[in-house]
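Going down the list, the sequences are from chains A and B.
Everything in the first sequence is counted per numbering that gives the first Met the number 0, starting at 0 for the first residue and increasing by one.
Everything in the second sequence is counted per numbering that gives the first Met the number 0, starting at 0 for the first residue and increasing by one.
Everything labelled a hint here was simulated from the structure, so no lab data went into it.
Ideal Cβ placement from N, Cα and C applies to all residues, glycine included.
A couple of the hints might just be wrong.
Derived Cβ-Cβ restraints for the label pairs, each shown as a range [unchecked claim]:
1. B:Leu100 / A:Tyr456: 51 to 57 Å
2. B:Lys83 / A:Lys51: 54 to 60 Å
3. A:Leu462 / B:Val96: 53 to 59 Å
4. B:Arg59 / A:Gly223: 26 to 32 Å
5. B:Lys83 / A:Tyr456: 34 to 40 Å
6. A:Thr293 / B:Ile2: 26 to 32 Å
7. A:Leu409 / B:Tyr138: 38 to 44 Å
Pulled from the structure, derived: some chain B residues nowhere near chain A, Cβ distances all over 10 Å [said to hold, decoys possible]:
8. Ser114
9. Leu154
10. Gly164
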Amino acid sequence: MVEAALLGLAKVFAWPAIGYMLLGVFIGIVVGILPGVGGLFSLAVLIPFTFKMDPASAFALLLGAHAPSYTGGAITTILLNTPGDPPNAATLFDGYPMTKKGEAGRALGAALSSSAVGGVLGALYLIMLIPVMRPLVLLFAPPEFFMMAMVGIAFIAVISGKSLVKGLIAGGFGLLLGLVGLDPTTSIQRFTFGTLFLWDGIHLVPVTLGLFAVAEMMEVAVQGGGITEKMVASDVGGVLRGIKDTFTHKWLLFRCSVLGNIIGIIPGIGGDTACFFAYGHARQTEKNGDLFGTGVVEGVIAPQSAINAKEGGALVPTVAFGIPGSAGMAILLGAFYIQGIRPGPEMLNNSLWLIFSMAWTVALANIIGAAVCIAFANRMARVALLPGDYLFPVVLILCGIGAYCTRNALGDLVVTAIFGFVGYGMKKYEWPRPVVLIGLVLGKIAEKNLLLSLRLYHSTFFLRPITIVLILIVLVILVRTLLGRRREKGGSMV
Amino acid sequence: MRITFRQIFSLIVSVLLGIYIVTAMGYNPQARLMPLAVSIPIFLLSIWQTLHDFRVAVRRTGMDQEERPAGESTSTPQEKLFKKELSVSLWVISVFVSFYLFGFILTTSLYTFLSLKARSRMGWKPSLGVSIGCLVFLYVVMIYGLRVDLYPGRLILIARKALYGY
Numbered sequence: 000m001v002e003a004a005l006l007g008l009a010k011v012f013a014w015p016a017i018g019y020m021l022l023g024v025f026i027g028i029v030v031g032i033l034p035g036v037g038g039l040f041s042l043a044v045l046i047p048f049t050f051k052m053d054p055a056s057a058f059a060l061l062l063g064a065h066a067p068s069y070t071g072g073a074i075t076t077i078l079l080n081t082p083g084d085p086p087n088a089a090t091l092f093d094g095y096p097m098t099k100k101g102e103a104g105r106a107l108g109a110a111l112s113s114s115a116v117g118g119v120l121g122a123l124y125l126i127m128l129i130p131v132m133r134p135l136v137l138l139f140a141p142p143e144f145f146m147m148a149m150v151g152i153a154f155i156a157v158i159s160g161k162s163l164v165k166g167l168i169a170g171g172f173g174l175l176l177g178l179v180g181l182d183p184t185t186s187i188q189r190f191t192f193g194t195l196f197l198w199d200g201i202h203l204v205p206v207t208l209g210l211f212a213v214a215e216m217m218e219v220a221v222q223g224g225g226i227t228e229k230m231v232a233s234d235v236g237g238v239l240r241g242i243k244d245t246f247t248h249k250w251l252l253f254r255c256s257v258l259g260n261i262i263g264i265i266p267g268i269g270g271d272t273a274c275f276f277a278y279g280h281a282r283q284t285e286k287n288g289d290l291f292g293t294g295v296v297e298g299v300i301a302p303q304s305a306i307n308a309k310e311g312g313a314l315v316p317t318v319a320f321g322i323p324g325s326a327g328m329a330i331l332l333g334a335f336y337i338q339g340i341r342p343g344p345e346m347l348n349n350s351l352w353l354i355f356s357m358a359w360t361v362a363l364a365n366i367i368g369a370a371v372c373i374a375f376a377n378r379m380a381r382v383a384l385l386p387g388d389y390l391f392p393v394v395l396i397l398c399g400i401g402a403y404c405t406r407n408a409l410g411d412l413v414v415t416a417i418f419g420f421v422g423y424g425m426k427k428y429e430w431p432r433p434v435v436l437i438g439l440v441l442g443k444i445a446e447k448n449l450l451l452s453l454r455l456y457h458s459t460f461f462l463r464p465i466t467i468v469l470i471l472i473v474l475v476i477l478v479r480t481l482l483g484r485r486r487e488k489g490g491s492m493v
Numbered sequence: 000m001r002i003t004f005r006q007i008f009s010l011i012v013s014v015l016l017g018i019y020i021v022t023a024m025g026y027n028p029q030a031r032l033m034p035l036a037v038s039i040p041i042f043l044l045s046i047w048q049t050l051h052d053f054r055v056a057v058r059r060t061g062m063d064q065e066e067r068p069a070g071e072s073t074s075t076p077q078e079k080l081f082k083k084e085l086s087v088s089l090w091v092i093s094v095f096v097s098f099y100l101f102g103f104i105l106t107t108s109l110y111t112f113l114s115l116k117a118r119s120r121m122g123w124k125p126s127l128g129v130s131i132g133c134l135v136f137l138y139v140v141m142i143y144g145l146r147v148d149l150y151p152g153r154l155i156l157i158a159r160k161a162l163y164g165y
């Protein structure tokens, strides 16, 4: 095994693989910054170029582009409230408020460094998990997926803000949005109003762009001025402060990367949920949990480390069984077949070096990606000082392009516009917006797995050992949240 | 009682959830299980929230009448804000309508220029510079770099069909 690990490392540094990886990292960062055109896009676009490459070079290019895309996505998320990729959505809950407080550099430093460390940890977990992959993945079935979704939904109560009722309504609204489209078991059209576009449901990207980016630009335009009028005096060194913050919160970083990795390992939960789980977990466990949403650095570190760590986890079922752990891995699976490699036990026995080479590539690409972004972070942070008049048309156009590129559908433009107004109203009348996204992501997962669980295990599905543990986790989250709210002076139910 | 947009917003949420429930009732039992299980409690909560907002509005109206001297109006800043919000809303709607009618390339250059020149009253040079910059970015990164197939616009498609027959 050590031999395979060293061979994998040597293959990554060998020419031309290292060149392809660097090219991939550059493409990944650029694509990650653009809203709507995420890591999946870069994978899909780059796959045709790998036909004539050797396996090490092919995966160096693909994983090099995929791994840092969420790192690049953090930049627009923090500076413009416009998530570069759907999994970056949770980063904006505290990242953008930090920018508004004049701490854009610190937020960028924390996000980029936690992404890098999260990515490296994710790759290390992959290496450690190789011997125990099979039993770990087989522990999870639809009842466990359903309860995992329930854990995520329970976090709605945690991040509801001051008004629990408004949070529950908004979270429920998100869940209901997630149910739009074809019913997973009967294929009946639900809430589609005869529109073909809605058959596929409502996508996370246009909703996020509308709720946050368009709404924010509307507010900036109404109030005048820029995103922030001030930049904290020490913000020239803010990036360094953010990096220091990451290592100060090493346990949070470790916990969230483990959480992200586990979610990545479980096929069917979807990588988009990892950031919300990590954010909810950080809010519950950190001392300043009550301040989350107002611009605290822990709220940036937690989701970013989980997002990048999940990719290492998602590789586990992909290489062990040929079951993709995320949408990105599903595309990557195509590259395996192009290279004539069959993922599964055969790959574990005959091409173990390639798995190690992939893990090293993920780790290295994350470090290089973050280093490149950090080098320019201070300059990028000054975007927040630009007058709102300049940002208004540019961000709106970026949102339009991002929404359209998600599925090449004009309907997504309509969704973005509608949610722009909804988001503005929600912000103005103090309705929490992040919970809508959690509901939207988890609605479909919860429904599909509940119906499957009932069919396969009937009403006793919740008596499985892991399901019981997850039920207990849900109860602990809810009880702790409700007790915390009672203790809080300002926290009200309505 | 003076009804503000806060109450109207809560009311709209309740009405939308009500419509959702009525629509879900029309589906078969399996397809409506989850929608109804989620929407009914949420609907009840939204009614509670709406009533709460209206109660607060009634209380505030009473307080305002006690505190405000006779003849003094507080509606002017609100009216100004509303006018500003209306104007910004129209600009937001126009960009999305423009995407549909004129496509991404024309909208990027024209909308950026018009927004900076007409809405923000900026000079010719910065308006032109930013709009050209946006257009160059769109061409270099999206069209040539990433080979993204952007929508050309409904009117452009109609014009193309009329001129070239395809």
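Now the hints, each set against the structure:
Between Leu100 (chain B) and Tyr456 (chain A) the beta carbons are some 53 Å apart, a value that agrees with the proposed interval 51 to 57 Å. With their beta carbons about 58 Å apart, Lys83 (chain B) and Lys51 (chain A) fall inside the hinted range of 54 to 60 Å. The given range of 53 to 59 Å is respected by Leu462 (chain A) and Val96 (chain B), whose C-beta atoms sit roughly 55 Å from each other. For Arg59 (chain B) and Gly223 (chain A), the Cβ-Cβ distance of about 27 Å falls inside the hinted range of 26 to 32 Å, so the restraint holds.
About 57 Å separates the C-beta atoms of Lys83 (chain B) and Tyr456 (chain A), a value inconsistent with the hinted range of 34 to 40 Å. Between Thr293 (chain A) and Ile2 (chain B) the beta carbons are some 31 Å apart, a value that agrees with the proposed interval 26 to 32 Å. Leu409 (chain A) and Tyr138 (chain B) have their C-beta atoms about 21 Å apart, which leaves the hinted 38 to 44 Å range violated. A beta-carbon of chain A is positioned within 10 Å of the beta-carbon of Ser114 (chain B); the least distance is around 4 Å.
The Cβ of Leu154 (chain B) lies farther than 10 Å from every Cβ of chain A, with a closest approach of about 14 Å, so its non-interface assignment holds. The Cβ of Gly164 (chain B) lies farther than 10 Å from every Cβ of chain A, with a closest approach of about 24 Å, so its non-interface assignment holds.
Comparing the model with each numbered hint stated earlier shows that hints 5, 7, 8 do not hold.
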